[in-house]
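With these hints in hand, go ahead and build the complete structure from the sequences.
Position one of the sequence shown corresponds to residue 8 (the working numbering), numbered consecutively onward.
It should be emphasised that the hints constitute simulated quantities derived from the structure, not laboratory data.
Ideal placement from N, C-alpha and C gives every residue a C-beta, glycine not left out.
Please note that the accuracy of each hint is not assured.
[Said to hold, decoys possible] With beta-carbon atoms standing in for the labels, derived distance ranges:
1. His415 with Val171: 45 to 51 angstroms
2. Thr470 with Gly637: 38 to 44 angstroms
3. Tyr509 with Val340: 26 to 32 angstroms
4. Asp384 with Lys490: 22 to 28 angstroms
5. Lys490 with Val340: 28 to 34 angstroms
6. Arg172 with Asp95: 40 to 46 angstroms
7. Glu263 with Tyr509: 20 to 26 angstroms
8. Asn512 with Trp421: 46 to 52 angstroms
9. Lys150 with Glu263: 42 to 48 angstroms
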Amino acid sequence: MATTEKGILNRSYFIAGCMFIFAIAVGVKLMDIQFVEGEHYKQLSEERVYRNFTIPANRGNLYDSNGSLLAASVPKYDIRFDAVTVSDEVFEENVLPLSKALAKMLGNTSSYYVHKLRTARAHNQRYVLITRGLGYSEYMKMKTFPIFNLGAYKGGLIVEQRTVREHPLGKMAERTVGYERQDEEGYFTRVGLEGAFGPYLRGTDGHRLKQKIAKGQWKPISDNNEVEPKDGYDVISTIDVNIQDIAHHALLKQLEDFEAEHGTVIVMETATGEIKAMSNLGRTEEGTYYEKRNYAVYEAHEPGSTFKLMAMVAGLEDGVIDTSQIVDTENGVVRFYGRAVRDSHHGGYGKISAARAFEVSSNTAFTKMISEGYKNDPGKFVDRLDDMGVTRKIGLEIKGEGTPRIPHPDDKGWNGLSLPWMAFGYGVAITPLQTLTFYNAIANDGEMVKPRFIKEVKEWDKTIVKMEREVMNPAICSPETAKKVREMMKNTVKRGTAANIYTPNFSMAGKTGTCQTEYWIEPGRYIASFAGYFPADNPKYSCIVVVHKPKRSKGYYGNIVAAPVFKRIAQKIYTDTPIMDELPSLEVESEAVEKDFEKYYTKVQNEKVLMPNVKGMPAMDAIPLLENLGLKVQVNGDGIVTSQSITAGQKIKSNQKVNLKLS
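Put into C-alpha cells, the structure is as follows:
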C-alpha cells in the first residue's frame, strides 16, 4: 500500500514539474513575443488589416503621324459566378433567362449555359468562369442580365478587371509597334516603339493604404503618404498608317507568290529621315506570314549588288574610278586566286563604261575597278567606307540593331579575295535600314539624316518632347559624286537591271541586288533586294525591299522578286498622294456641254449597275471602289477581301448595303 501511494506521489511530482516547465516556457515565449519579436508581430497584424495597394498608371497611347491609334490601353473584364451565393428561389426562377442572355452575347447555346450553371451549383463552385476579355460596353450590358443584376452578394457576380494593350492595326506592323513586358523579378523586355519609348509611355504607379473590412474586401482610408498615379505620355510616331498598309500588302503578295522565307520593307521620308512604314514578315510552317521578327533593324546580311553604290561612291571620291572609264568584262568571268567572279549575263557585257557597269550590275567590272584602284592600299577603301558611316551602327532607339561587318586589312581573316569580293557586296554584312540610310543620303544630296521613328511626346495637347531632325553626316560625299550616282540609279531603272519596272507615268531610281546566302549549307539559296527612291529628280521617299530565300524555280533575282514590290509601293503612294506640281484649272464653262452632261448623268443614274468582284483586293482598294458606285460598305476584319455579301454581276442600287469579310 505504501509503495502504491509513493508511486502515485512521484507521478504527481513529475506531472507538476512538467506543468511548471511548460509554464516557464510559455512565460519565456510571451516575453519573447512582447519584447523581442513584438514589433515584427505587430507589423504582421497591421499588414493583415492594413495594406499598401499599388495603383497602376494608365499607359500612354501610341499614334501614327496623322493621329491614328497604333497602340492603346483598354480595360477588359473577366466574368465569374459564385453559384453558392444565389438563393434557390432566385436561381430557379432566373437560370433560363440568364442562359438565354449569355447565349445571345457569347455565342454558345442556352442549354450549354443552363448545364454549366446547374453543375456549378450542384458542386458548390464559387469561382466559375463565364467569359474572358469583355469590353466595357459588353460588361455593362452583362451586369443587367437576370441574377447578375443583383450584384456580388445576392447575384454571385464576380468581376475581374485588367488592362490590356491593343493594336488597332492588328498584326500589321506588330514588330514595329512592339511591346514592353515586365517579369516577376522586375526585368523588362522591350521590343519596337513600345519598348524604345517605354519611359515616356508607362507613367508612374501610385499607392494607397486600404483597410480590410471583410473577406476579400478592402476600403481605402485617408493616408498622408498616399501617392496618385501619374499617367504615361502619348507618343506620336512617324509611321503613316496608309503607307504602312501599302507596304505591308505589297510585300505580303510577293512573299506568297514566291514562297519566300521572310522579307522586309522600309519607307523613309527623304528630307527628314522619318520612317513612314516598316513591315517585317516571316513564313510559318503552314505557309502563312506574320510579323515574326524585326528583320529591318536587327538582321545584318550580305547585301549583294546594292553594296555597289557604296563601292562606286568610294571609288569616285578617291579618284580611282571615273564614270567614263572603260572596263573589259572579259566574257563575264574574271579570276582571283583561282576563284571565279561571274556576271549574271552569260558572256559578259564586253567593254563598257563604269557608269554602264553600275546600270547592268556587272560583278566583273566592279571587282576589276576596285581591285585595281586600291591594290596598293586596300585600307584606303575601308577607311572611305568608314568616313561615309557604312561601318558603324546608326544608334537607333529601337533595341537590337545589327552590327555592320566590314573587313579591314588589319583583321586576322583578311586575304587576297577580301577586296574584290567586297566590291560586289560579298564578305560584308549590313542591315536593311543601314543600307537604306546610305541610299537616302545620296537622294538627299549627300546629307545623311538619322532614321527617326518619333515626332513628339505629348501630355494631352501639351508637347513634352519634340524630336528634331538629326544629321549624322552633313556630307558623305561631294555634291558632284552624289549627282553622278543619282543619274546612274535613274538609268538603272530606265535601261539597266531594273528596266522591267520602268514606267513613263512616274520616275524611280535605285539599284537591284542578288546574292547567295547560306551557300555553305547548299547552293540555290538567295537574297533578292532593291533599294532606291522616288521621284527620281526630286526625291520624296526612299525605300528598300529585301526578300530572303524565294523559291528558286519561281525566280530569285532582285529585279524579278524585290523591284516589283518597290514599284507597287511607289505607284500606290503616287496614286493616293500624287507628287506633282500644281497646274492651272482646265475647267471651261459651256452651256451646251453642261446640258449634254446632265443628259448623260441622268441616263447613267437610271441604268442598273452591276456588282464587281472585289475578292482578293486589299480593303483600301475595295472600299473606295464600292463607295463610288453608291454602295454603303461595312467591313469585318482587316486586310484582304475574302467574301462579299452581294454576288459579283448582281444588279445593285444606290445606298444599298454590302458587307465585306476581310482577313
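* To do: Would you pick out the hints that fail for this structure and give their numbers low to high?
  => none
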